[in-house]
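Asker: For the protein sequence lines, the chains are X and L, in the order given.
So the first sequence is numbered by the numbering used here: it starts at 1 and just counts up by one.
So the second sequence is numbered by the numbering used here: it starts at 313 and just counts up by one.
Hints may contain errors.
Unchecked claim - Computed beta-carbon distance windows for the label pairs:
1) X:135 x L:402: 54 to 64 Å
2) L:437 x X:44: 27 to 37 Å
3) X:44 x L:391: 15 to 25 Å
4) X:32 x L:385: 35 to 45 Å
What the hints assert, rightly or not - Far from chain L by the CB rule (all over 10 Å, computed), these chain X residues:
5) 14
6) 16
7) 130
8) 132
9) 250
10) 268
11) 296
Claimed, not checked - Where chain X lies over chain L, by a calculated footprint (3+ residues, C-beta under 8 Å):
12) 444–458
13) 532–541
Source of the hints: derived by calculation from the structure; they are not laboratory data.
Note that the Cβ used here is the ideal one computed from N, Cα and C, for glycine as well.
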Amino acid sequence: MATDSEQSRNENSAEFSDEAIRRFLLGRLSASEQPRFERRLFEDDGLDSRVRLAELNLADDYAYLRLTAGERELFEEKFLLSADRRRKAEVSLALRNRFASASVVEPKPTFVAGIRSLLLFRRSAWRYMVAVVILLLLAGSAWVVVKKEKRIKEEIAKPWIRRRSPTPAVPLESDHPTNNALPEHQTSPSPMPVHDQTPPPLVSIRIVLKPSGPSGTPDIASVPLPGKDQRSVRFELPLNSNQAGTYWAELLTSDGQLVFSANAIKVPENGTAQIDLDVPARLLEIGNYQVKVSRDHARTKENVGRYYFRVK
Amino acid sequence: MGRPHQTEKFWSAPAERSSDGALVWSIGPRRLIICQTELQTIQSGVALRLPPHSRDMSPAKTLHILKQEEFDRLLRWLDPEPEQAGLTYEKIRWRLVAILTSRGCICPEELADETIDRVARRVLDIQDSYIGDKAIYFLGVMNNVHHEYLKRPMMPRPPQPDDDVEAKESTHLCLEKCLAKLSPSSRRMIERYYAEDRRAKIDLRRRIAAELGIGLSTLRLRALRIRGKLQTCIEHCLVSEARP
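Isolated chain X (complex conformation) (with noise of 0.2 Å):
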């Protein structure tokens, strides 16, 4: 019976991994690896036990099919040219025909025929169960992705803002959290008020926004900095046509970065074809902007149009 005098006795031949053993045992040492190894072999006693165990370990391990392919293969050409160890292999086939309790071992002719055989059945019914888990996992995703969309648009708009948002240092900072989080992106899935249903915040300037022609040439408005003592600046977007719906609008810096946004905004019927978007004012910063609004459409996003502006 193994002490733990013995185990630490065999631990202190330590040079030699036990993975290093495995790899000498399988034929697989490097050249500079090899000449040492086998030199320490024959030095050292500690080495010896390890390696003879090893020899056990291995034998089970291909027994119980715990091996890679690329294990057994080399088991078979490398670790079987001895007669002693092709006994250890039929004994530990023995043990686990006696012990393990999901056998699956068909009689075949010969003794590594029937090996192969019972490892090709394995190979396949793994194949077929990775592929039901990949497929099951990719199903799951993409209804979270379909569910969850708004949801996840918003948490990544959210770094975004953050990074273009400078760090507030005016006293009307000053009763909010002291934490970054910016409270500006609308994330509530109830239906924004646009019109009168809430108190609007706080809006200093009234900015009208003309979509962009129909050949595209962009309508670009020209829009003062606002100044420290202005909370938001409401651009009024008319609408091309007056389509009831739930819009989104994307606040967006002429090199595509994403500054604002807000969804849900309802458009109810017969109302004014138009949305307004409420920007607090220190998102912006003097440069050129662009409003990109789009409509949920059969769960889609339908482009509506663009409008530019330019902060002076």
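Following the hints, put chain L in place on chain X, whose structure we already have.
Answerer: Positioned in the frame of chain X, the structure of chain L alone reads:
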């Protein structure tokens, strides 16, 4: 080099066929093993290691074999204590076989025996002057033997023997006998250690280790040592069953 060697006819000695198809002669404490490929070559009349004059002899060719006197001298050189010398001899032979197998040699046992034969024939010349680890001397001679092996024409790998159902049954019978010889705790450990499938392996072994109050590596060592005892017991059982 040494004294001229004398050859002896040995075909009159009874030979046994091992499970892998090799012929095995037991001569004193030594076993001379000739693998299938070598045997085929010898039977065809072209021996690999025969002296030239042997071609005039009968188809039963002669090979150099180690004389008892040389073998005894080797053991004494390894250790004055006979029992210890035998252990050292077996240890060296095992290591030679392990290394030659790792190098991909077909019939590594034969090359290991050839190595030992050469060392034994040189003991008379070196026993008084050699200084150093005697085991390392074997390593040097083994390298020479291996180099010569590499220069030989590539031998085909011995064909795998047909599945011997009878041999498997014998192995299973011997396994039962040897399991019965284990202590109850050892037997219980082996039953649990080997009664697992791939998925449950780690969990089961952790449970066993926890119950015994030992670590996983200690559990592994204990189980493998019991496994080693089973191996030795089963091999002895098979040999005794094979005898008429």
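Asker: All the hints need checking, so say for each whether the structure fits it.
Answerer: Now the hints, each set against the structure:
no. : hint                      : result
1   : X:135 x L:402: 54 to 64 Å : 57 Å, holds
2   : L:437 x X:44: 27 to 37 Å  : 28 Å, holds
3   : X:44 x L:391: 15 to 25 Å  : 18 Å, holds
4   : X:32 x L:385: 35 to 45 Å  : 37 Å, holds
5   : 14                        : 12 Å, holds
6   : 16                        : 13 Å, holds
7   : 130                       : 14 Å, holds
8   : 132                       : 17 Å, holds
9   : 250                       : 49 Å, holds
10  : 268                       : 59 Å, holds
11  : 296                       : 47 Å, holds
12  : 444–458                   : holds (count 5)
13  : 532–541                   : holds (count 8)
The structure fails none of the hints (numbered hints given earlier).
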